[in-house]
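Residue numbers (the working numbering), protein chains in the order written: chain S, 90 to 423; chain G, 10 to 440; chain F, 3 to 194.
Hints in this document: simulated from the structure, not taken from any laboratory. Note that the Cβ used here is the ideal one computed from N, Cα and C, for glycine as well. One thing to keep in mind: the hints can contain errors.
Looking from chain G toward chain F, a few residues come up when the C-beta cut is under 7 Å (computed) [stated by the list, open to error]:
hint : residue
1    : Ile47
2    : Pro48
3    : Ile107
4    : Gly198
5    : Phe199
6    : Arg203
7    : Gly215
8    : Leu351
9    : Ala358
Letter by letter, the chains look like this.
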Amino acid sequence: MDEGRRTPAVVLYRVLVVAVIAGVLILLAVLIFRYSEGAHMNPYEYSIEEFMDVPEELLLWDEASVIELDIAQPAGLAVDAQDRIFVAGAQEVAIWNAEGTAAGRFSTLAPARTIAIGPQGQIFVASVDHVNVYGPDGSHESEWTSLGEGAFISGMAATDDAVYLADAGSKLIWRFDTSGRLLSQIGRPRPSADYHGFLIPSRCFDVAAATDGALWITNPGRLRVEKYSPDGSLDAYWGEPSMGIEGFCGCCNPTHLAVTRQGHVVTSEKGLPRVKVYEPDGSLNTVVAGPRHFAPGTVGLDLAADSMGRVLVLDGGAGLVRIFVRRSEEGKTP
Amino acid sequence: MKGLLIAVVFLTLSGVATAPAAGAGRYPEPDFESGYVIPTATTPAPNAPSWEYLHLVVLAAVLAVTALLVLKVRYRAGVYILMIVSLAYFGFWRQGCICPVGSQQNVILGISDSSYTVPIFVIGFFFLPLVTAVFFGRVFCGAVCPLGAVQDVVALRPVRIPEWLEHALRMVPYVILSLMVLFVATGAGFIVCRYDPFIAFFRLSGSAFMVTVGAVFLIAGIFVARPYCRFLCPYAVLLSWGSRLSWLHATITPDECVKCRLCENACPFGAIQKPTPERIAEPRERGVKRLALLSLLLPLIVAAGMVAGWYAGTPLSRAHKTVYTAEQVYMEEAGLTDQTTLESEAFAAAGRPAADLYEDAEQVRGRFRRGGALAGAFLGVVFGMKMLSLSIYRQRDDYEINKAWCLSCARCFNYCPREQARRSGPREQDE
Amino acid sequence: MKNDDKKTKARRRFLAGGLGAAALGALAQGSTAGRRADRPVWQLDPYLCSQCGRCATECVLKPSAVKCVHAYAMCGYCELCFGYFLPGARSLDESAENQTCPTGAIRRRFIEEPYFEYVIDEPLCIGCAKCVTGCNTFGNGSLFLQVRHDRCLNCNECAIAAVCPADAFVRVSASRPYIFKGENDSTSGGLS
């Protein structure tokens with residue numbers, strides 16, 4: 090193939106060569122910007138979209154107001170007899186009155202996991218393995234002994250004569266009197282009686298006390314709520330594993346509990362963050378807030394119910410206490 | 010470092026949700042009564058580093074043998090067999106990284122990013138072929154590089170590319186080299202590895218797109234011998250610099266050129282230069298004038314390259330993850346799109362403020378602009394020098410090898426009658 | 003030939019500068035390499051991972067060298083595991099349409115009432131992270147992705163790292179090639 094011998098074949102070759110090279114260069118140029126253009130789908134997406142919506146007829150609560158929190162790592166929420174609102178965090182407890190105006194704060198000795206208010210206004214603040222008691226003015230009164238190495242207190246309830254600690258580490262409810270003397274434990278498995286105690290797959294475990302003295306305790310591994318007498322006997326339980334609105338899903342739900350003055354049980358869940366109200370017999374009453382109300386991945390929605398029938402939700406991730414009221418036109422409060 | 014910081018922040022945040030107190034131990038363990046022991050996940054180890062040193066030793070050995078075959082024995086079949094062996098070893102058996110072409114990027118990253126340390130064997134992979142080139146020419150290309158070998162095998166019907174086109178296309182590797190350095194130094198990634206057209210064949214696995222590109226190269230390679238080596242490979246630039254200086258280099262003839270023209274079309278890579286035709290010497294002043302003009306032009310070309318590089322920096326920066334994520338997040342925030350991308354979703358999940366991302370992106374853009382200007386200046390020098398060298402007349406009496414372009418494949422030896430004479434010489438004496 | 007030699011010498015001088023600079027850079031590099039000569043390998047930080055699915059689609063290997071790993075010590079051993087069951091599974095039996103994993107690579111084994119063990123069948127796992135999202139959302143996050151070094155080719159530039167939207171891929175030392183979740187709650191594995 091000498092230079093200068095321009096047979097058609099040679100010309101064709103040359104055109105072909107130039108075309109191929111140009112094509113390759115263009116391909117490469119396109120390629121460099123491929124990822125700034127498209128290919129943005131996840132073919133393996135795990136979607137919970139279909140469970141994000143709550144039926145309108147159940148969603149009968151409105152977020153009436155919020156309290157913006159200014160404390161580090163808010164973890165525990167409680168309401169006292171005067172409906173004052175207590176939030177415990179890493180370093181301090183902050184207090185608001187029922188209307189949401191700041192009513193004081195005091196610093197704590199250890200990072201709080203959960204908080205409860207006693208009959209004489211004592212403030213019980215539980216850390217990972219022990220409780221500190223503060224007076225109504227925030228002065229430190231006493232420190233109870235540690236529950237031991239493996240303890241992880243994640244919930245607490247106070248009645249007139251007892252304080253109940255939900256210990257996710259040892260999977261037990263510890264019952265103390267208000268002065269810190271251990272009275273008994275609830276939840277020790279008794280296989281002979283076909284009672285297997287609490288199943289706690291993660292650090293979610295909560296207890297709430299009703300005005301009649303009954304205890305409501307989560308059993309998150311079994312996705313149910315159980316009712317106990319103060320003496321530790323299991324009276325009833327309910328709860329259905331389900332992604333649907335009526336049940337509990339995931340491996341550890343409900344995460345938190347509260348009981349209203351009328352005896353309804355308020356539950357909160359993680360995974361699909363939602364807050365619901367159940368009748369004492371376990372039938373779903375209403376939904377306070379559905380998954381769309383919270384940021385994705387919200388966990389640890391601590392709950393409280395006050396004497397006005399409001400439901401308070403601690404949304405630590407958003408730095409808020411969300412206060413919900415039942416819609417008035419329905420004519421009844423839970 | 011930044012990634013680490015983000016990791017730490019994120020961990021602290023996630024720690025709040027799941028593990029608030031250090032020392033609180035694990036999640037509550039189930040109380041197994043059946044004697045079940047909680048297993049642990051396996052952790053299969055990577056290949057021992059000694060493998061990499063073995064590859065390095067093999068590389069050195071093959072380079073040495075190739076140099077011997079090309080320069081002393083002058084035996085094309087041997088070079089070809091060695092090339093097949095290299096293809097099998099470095100290509101199909103070793104299946105990839107690290108290769109000397111890609112190792113350039115590690116060296117650049119090692120210089121530009123203080124948190125990255127180039128392993129010693131990578132430095133070895135980078136320097137061995139270069140050092141060999143300085144002594145013996147591009148023997149690495151001839152019989153060691155698996156990318157070259159796979160193209161060499163398919164080069165069955167090579168056509169001669171017009172000289173002007175050859176010269177023009179041979180500029181492309183300088184562009185790729187500049188882009189490669191720019192992308193590595195700005196943290197946009199290793200583009201030479203990302204767009205390696207042949208690795209998919211060695212691994213018999215890869216993205217459909219790269220397999221297609223590779224196939225196009227191999228089919229084109231039937232007619233255009235070694236298209237990647239000649240018109241794209243950035244390492245070839247460094248090797249050609251080394252080879253120009255080479256202490257010993259392959260020659261077409263074992264002793265003297267008889268100008269028989271037999272080797273004229275022997276090289277499929279256009280690396281054989283013909284003797285220059287007799288020409289009337291041009292007046293000296295004209296040559297000097299032209300040279301002076303070009304020398305004046307050179308700074309202008311460099312300056313133009315810098316300006317072009319500076320402005321090209323911004324669009325090029327869109328290949329950087331931070332920049333395209335920031336652009337997407339900005340579009341979403343400004344309501345210009347309701348389509349989220351996996352990047353913007355991941356960014357939202359990490360919970361960083363968008364302003365941080367914009368600032369990072371602006372820094373990356375700045376790096377691209379400054380780096381682009383430098384790359385443009387470099388390309389300006391390269392193009393200017395090319396113009397200069399093309400305009401200078403050099404007298405050439407023999408058929409000679411272009412040392413920068415020669416791949417030391419030993420093909421041309423057989424075409425030379427002096428070579429034939431050398432080979433039959435000793436035999437005749439024996440008889 | 004003599005003529006050529008002269009030219010070569012001139013060019014040699016001209017180019018020696020460039021080559022020298024490169025050598026200098028590498029020398030500086032070499033001296034730092036002596037400090038920490040360990041070979042880097044690719045790994046992904048499970049705490050940064052956003053489960054985008056690209057580990058399954060972008061790896062040069064099919065199936066990917068990234069696989070799901072189970073930190074059993076973090077697992078709740080639940081009967082109802084949302085890493086295992088699809089959200090909205092019709093029934094909680096082990097048939098394929100109820101499983102999260104698109105390839106059925108999670109094996110569920112009854113241990114004792116009420117505990118179940120979940121094991122990743124690695125040859126089947128494609129590293130899509132679908133179960134990881136499920137486990138993170140509803141469970142303890144004991145399922146997570148890792149580059150498995152018995153498969154990883156350790157590409158010079160990891161094809162997944164190049165497009166990982168969460169920048170979760172890092173080069174780690176080959177002597178500590180994994181970043182496992184739940185190891186003493188110390189989180190940085192091979193990062194430090």
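Quiz item: Which of the stated hints cannot be reconciled with the structure, identified by number in ascending sequence?
Solution: The structure conflicts with no hint, since it agrees with every one listed earlier.
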